[in-house]
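Colleague: Listed below, chain by chain, are the residues.
2 protein chains.
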Amino acid sequence: MNKNDKILIIGAGLCGSLLALRLAQRGFKVDVYESRPDLRTVDISAGRSINLALSDRGLKALRLCGMEEKAREICLPMYGRLMHDREGNTFSSNYSGRENEYINSISRGDLNAILLDEAEKHENVTIHFNKKCKNVDIENKIAHFKDYKTKEEFSIEAAVIFGADGAGSSLRKSYISERKFLFSYSQNYLNHGYKELEIPADSSGKHQISKEHLHIWPRGDFMLIALPNMDGSFTVTLFLSYDEGEYNFENLISEEKITAFFEKEFPDALALIPNIKEEFVNNPTGPLGTIKCSPWSYQNKTLLIGDSSHAIVPFYGQGMNASFEDVFVLDEILNQDLKDWKSIFKTYQKTRKKDTDAIADLAIDNFHEMKDHVANPLFKEKRKIEMDLEKTFPKQYSSKYSLVTFNENIGYYEALKRGRAQDKALLNLIADETIHTHLDMTKQELEVILDKVIKETNEILEEDKIAGL
Amino acid sequence: MNKNDKILIIGAGLCGSLLALRLAQRGFKVDVYESRPDLRTVDISAGRSINLALSDRGLKALRLCGMEEKAREICLPMYGRLMHDREGNTFSSNYSGRENEYINSISRGDLNAILLDEAEKHENVTIHFNKKCKNVDIENKIAHFKDYKTKEEFSIEAAVIFGADGAGSSLRKSYISERKFLFSYSQNYLNHGYKELEIPADSSGKHQISKEHLHIWPRGDFMLIALPNMDGSFTVTLFLSYDEGEYNFENLISEEKITAFFEKEFPDALALIPNIKEEFVNNPTGPLGTIKCSPWSYQNKTLLIGDSSHAIVPFYGQGMNASFEDVFVLDEILNQDLKDWKSIFKTYQKTRKKDTDAIADLAIDNFHEMKDHVANPLFKEKRKIEMDLEKTFPKQYSSKYSLVTFNENIGYYEALKRGRAQDKALLNLIADETIHTHLDMTKQELEVILDKVIKETNEILEEDKIAGL
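Chains A and B, in that order, give the protein sequences. The numbering used here applies: residue 13 is where the first sequence begins, and numbers increase by one. The numbering used here applies: residue 13 is where the second sequence begins, and numbers increase by one.
For the record, the hints were derived by calculation from the structure and aren't laboratory data. Check each hint, because a few of them may be wrong.
In this list, chains with the same sequence are indistinguishable; a pair is considered to hold if it fits within one copy or across any two.
Said to hold, decoys possible - The calculated BS3-like cross-link candidates involving lysine-lysine, where the alpha carbons are at most 25 Å apart (straight line), are: (1) LYS192 / LYS207; (2) LYS464 / LYS477; (3) LYS313 / LYS185; (4) LYS477 / LYS467; (5) LYS396 / LYS477; (6) LYS477 / LYS392; (7) LYS403 / LYS72; (8) LYS304 / LYS185.
Every value quoted in this text rests on a predicted model; they were computed, and no experiment measured them.
Next up, chain A with everything else stripped away, as it sits in the complex:
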């Protein structure tokens, strides 16, 4: 490893641009090749999530690169979920019992733009747009590109190549096609797809529903969600089965049926989406997939990072945060002054893989929680107890959601282990009627519950350990 090593990053999306910035700050010479046009000059949002949830793990990585404040300027804090039932009634559920814990709605494009701007301030960074990576000769560290504008094909050789090229990564595909090593790989799709719609701002440019919440219309087999944008609009996403159930993407093809579906299931949302028919028909239906793979690196030559190595479903709001945290973890490994890129890459994967596997599984858990459990009485009682515990004992208790979202100093894997055990303990203590709640719990009453939950959680973890789980 040498500061003069010429580094090639494939992809100038969120992960690629943050990685370029960080490597530039560390003094490396970095070239970034991106297949899309420069999003600062062309609107290319179609078909991709327009806004995302930025939370503590992502902010930690932005802070490392000096970008936290600039990002916060374009953030809209969301303090909890606001659930909408079929009759239009709503009830809210905070993300945390601690006041300073919330997530942020942020525009993917705006965030990407400030990262590109910052990266380009470094003279050792060059970003090339409209250059599509076709494949990578991993043995010789040569990436083959096609220029979308000139249609020319060309090749770039580098000292080391990073694939930050997302779920459809060309570098990962080259790992599969070149067959230089045993490559463990999985792509798992949910039976649900997603489609984006829009609630526009009102005539004075204001948000028509609370902008301090992530809105959810949970319906068991499917759901609608909405996140606020800075311009007063909301990006709405429908998650629905492709082919199962009474209503699904395959059979929602006539305008009548689309309207009937929304009238029955989401009447209050329908009233706020004026272009529902047009948007439903014209906006693409996207798949929801999880990608895991191993190894991420090939010798001292290439590394997959971000979604290219671990694409996840969006239900924990952690996709971008996990990719940003990748950059943070890699930076920590670089601080260890290991002898070569091969050692860096191996140490990075050894440190990081269990955590990205965990967030992939947590995101699937949350799919079921969001569309279904949030409206379930047992689950609601659990959340109420957790909010009370977090409020009353802010240092002693963190829910699974808090462990994942607001505890950036522990890894996702630890958050998963402890969080799942806590959920199991709480749900069983409630079901057994070992713990009860009422409206005004005293601190003493809550302390008894806290002790029971901690004891039961630790027993569950210990029993799992003895069983080798």
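Place chain B on chain A using the hints.
Modeller: Chain B only, in chain A's frame:
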């Protein structure tokens, strides 16, 4: 679905030949295309497991096709594991406390041969050898082949195509390459590979070590196993990391080091493998992979069955049994007189997928158990209690191993759920010192243990259920 439908089966291995036989017995017209030469006329065992474990699920499917007795004629019963330590001491551990429960060592080639013989007795079956399937046009149900002898390429159209073409299935690859639907797919490799060696028969053609056991040399990070053959020999398999640990396949390259490794770790086995150096160098090192995918079928046109849909690692001795059970389950679905192949295929996957996912996971569990836990005191005490319980209460208790291997009337998924909960209950009851054993347990003492294990197991299952696991 129509009896005159021309059915094409790709692959005449164990699953393909049993499927061809069963479909022929049901009156279908079946053509089978196999890439290898006819194993009844040519020795083609190189690089593939020479013997396999046949147990109750496989026997159930063979019975359905009238092949149980013929198979039993070439079986060698193995009643338990015989563990060998570094000093050459051995201790045995039965597979079951019930006398009639054992597994069978059987030659892959001999079993395949009797299935091919039986299938070919049906005039509605034709088996074509040396015809390699290159890919399948799934939309038009046309399979493209190359004849290995004449080098000619040709295509076959059929009413329905079954891919029984194993872990490297060409039909499955066509699902991926044709991109007609969202295909969930995973290939996961262990860091270990395997290599086969041989303990020959003694000069009088007899087995040199017990032929009534599956022999294991567990060493924590790696292991050696041996299964008996009818000719007095044993097929020995070394499972070892490719690149980790002091000894691994990458660094065991000199004859000195190979011998030193065996002398240190497996001295008693080394004394029985005269051609160790030659075999170690010349025999291939194979990977150990798990393949899962979904959907298995495309419309009413094609179906993956056997290893092509669920390749598993060999540590539960269930690979062939699971594939044979596929044929049994498909046959049950055919009995339901569903209206078309699409319904048959969908019902088949709905019935079967959770079970093949479960055996894949169980086989990974058993990898760790065999190489490591079998020599662990806690594990040994668990096994002793389980043997006592099975012997004393044969109808009330079945270990996880028995549930998987000898209880062919419950699915693998149920065996996994109940078996894992039982293991967790037993290991925790032993670790807590809630239950104790001594050499001569009375029936009354064992009954107390049985009640505790059942109660604890049911509690674990109930707690998991409440937690939504």
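Colleague: Take the hints in turn and mark each one as holding or not.
Modeller: Structure-based check of all given hints:
1. LYS192 / LYS207: between (38 Å within a copy, 20 Å between copies)
2. LYS464 / LYS477: both (20 Å within a copy, 20 Å between copies)
3. LYS313 / LYS185: Classified as within: same-chain Cα gap 16 Å, cross-chain 28 Å, threshold 25 Å.
4. LYS477 / LYS467: both (15 Å within a copy, 20 Å between copies)
5. LYS396 / LYS477: Between copies only: 21 Å across chains, 29 Å inside a chain, cut-off 25 Å.
6. LYS477 / LYS392: Answer is between: at 17 Å across copies they meet the 25 Å cutoff, but 29 Å inside does not.
7. LYS403 / LYS72: Intra 24 Å, inter 59 Å, cutoff 25 Å: intra-copy only.
8. LYS304 / LYS185: both (13 Å within a copy, 19 Å between copies)
Every hint from the earlier list agrees with this structure, and none is contradicted.
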